[in-house]
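A.B. asks: The primary structure of each chain is shown beneath.
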Amino acid sequence: MMNATSTTRQRAAGSDTGMRVLAAATVLTLTIGLFMAFVYAPMDAVQGQAQRIFYVHVPMAWLAYLAFGVIFVGSVGYLWKRDIRWDQLARAGAELGFVFTTLVLITGSLWGRPIWNTFWTWDARLTTTLILWFIYLAYFMIRSYAGDAERGARFAAILGIIGAVDVPIIHLSVQWWRTLHPQPVVLNTSGTQLPNEMLWTLLVCFAGFTLLFIYLLILKCRIESVRDRLADREMEALLATPVAEPRRDLVRAADVSGGSEE
Amino acid sequence: MQRVRMLVWKDLVVEARGREFLGAMLVFALITIVTLNFAFDLTGAGKEASGSGGLWIAYLFAGMLGLGRSIAVERDRGTLEGLTLCPVDGGSIFLGKLISNLLFVLVVQLVTLPVFAALYDLPALRPMVFAIAFIGALGFSGLGTLFSALAAGSRSREILMPLLLFPLAIPVVIGCVRATTLVFEGNLSEAWPWFNLLTAFDAIFVAISYVVFDHVLEE
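Read top to bottom, the protein sequences are chains G and E.
Quick note, the first sequence lines up with residues 1 to 262 if you use the working numbering.
Quick note, the second sequence lines up with residues 1 to 219 if you use the working numbering.
Take the hints with a grain of salt, since some may be wrong.
[Said to hold, decoys possible] Each computed DMTMM-like pair below joins lysine to aspartate or glutamate, with the alpha-carbon atoms no more than 20 Å apart:
1. K81(G) x E218(E)
2. K81(G) x D214(E)
3. K10(E) x E20(E)
4. K81(G) x E224(G)
Derived from the structure by calculation, the hints contain no laboratory data.
Next comes chain G alone, as it looks inside the complex (with noise of 0.2 Å):
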């Protein structure tokens, strides 16, 4: 038992340390690209400041998409081996992906406003996120409904499998949709164009925000399995306390109520 708790410890201790790092690199790497964001990429010249956010905006559509890939390996993975740690993951990446993908819809919307003098325009790819935010929505649903956390696991990495192989199969359809009517708006974001200077900035970006899901994807995994414990411990100590006695009052008013309907 005192071996157990101190390799545990131990364990804890370890996996800090590589926390500590990871984090430490986390924030090391965000700085150097907020600094190259502001300060070393060139102002666009059509677009002005109101490019920047680009720098922001298009690492959190990547994590919005790698979450739901995160939620798709963890249900395959909780399907199969219907062991507890998979949909621990793919909760993490659930709560992670929604925040992203909200996040990307709102900077996408304020940097549309300057840019295409509109909050929302039905391209496909706004509107395959948009569908993408109500997808992690539903997802969410299935799990608080279904009564119990074992069904609600089962049932919502059965929509984590489903919504991962229908979103590309979304984005074709409303790409197609768009293409066959004429464009509003054109997209101007085309990677190939960018200067270097641009180019390492979102590099960079990038590589600081993939950091950053992955630490908080970890401690969020800590966190579900803390709570699927405690969840446990507090079933224990339910069914540990002995049946309390029937309250006399209690019965007696039920019996009062009973005998007045008849």
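Add chain E to chain G, keeping to what the hints say.
C.D. replies: For chain E alone, kept in the frame of chain G given last:
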């Protein structure tokens, strides 16, 4: 295959005796088609696009009404428990339920398409429209049957069903509406890519649902 046929037969007999779904879905589809006339202009210029949109909204809603309850009813009556005790795998139960749901939606479409064609003076009785109707119905019935089982095992079933089905069935909605519009406009050749997309969608999601259905049913 024999088992799937038995399961479908069971659903048809239940429907013939109780008449629970088909009548309600049919009337609902008709009233939706009529009501949408007040929401959009389905008679003037560009009615090919708004007409096919209205038609598919009606089918999606009517389909959801029937699909949403199809497995919840089984659960409430204890039939689902009986089925899981039978020597059939989850995949067969899924296929049986999918086929009977699909048959209901197809009957609704067969009855409403002539009415729709007459009301809005659109060429809705072409073979291609029936083909799109079939492939589209299979698309949302496939996902709908799976989600119906998920919703049946949850609280707030009626709310959950559209929240699951609508976002994930978007390729079906877009595909069916675009393809039907193109047929109404007389562009049969341009409708084919959409038809192929819908076929691929059906194949992918029927296959996935078939595989994962065992995980839905276990208690």
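A.B. asks: Tell me if the straight-line CA distance from K10(E) to E20(E) falls inside 20 Å.
C.D. replies: Judged against 20 Å, a Cα distance of about 14 Å means the pair holds.
A.B. asks: Taking only the CA atoms, is the gap from K81(G) to D214(E) under or equal to 20 Å?
C.D. replies: 14 Å, holds
A.B. asks: Regarding the pair K81(G) and E218(E), is the alpha-carbon distance no greater than 20 Å?
C.D. replies: 15 Å, holds
A.B. asks: Has the given pair, K81(G) with E224(G), been kept, meaning a C-alpha gap of at most 20 Å?
C.D. replies: At roughly 18 Å apart (the allowed maximum being 20 Å), E224(G) and K81(G) satisfy the hint.
When the structure is compared with the earlier hints, no violation turns up for any of them.
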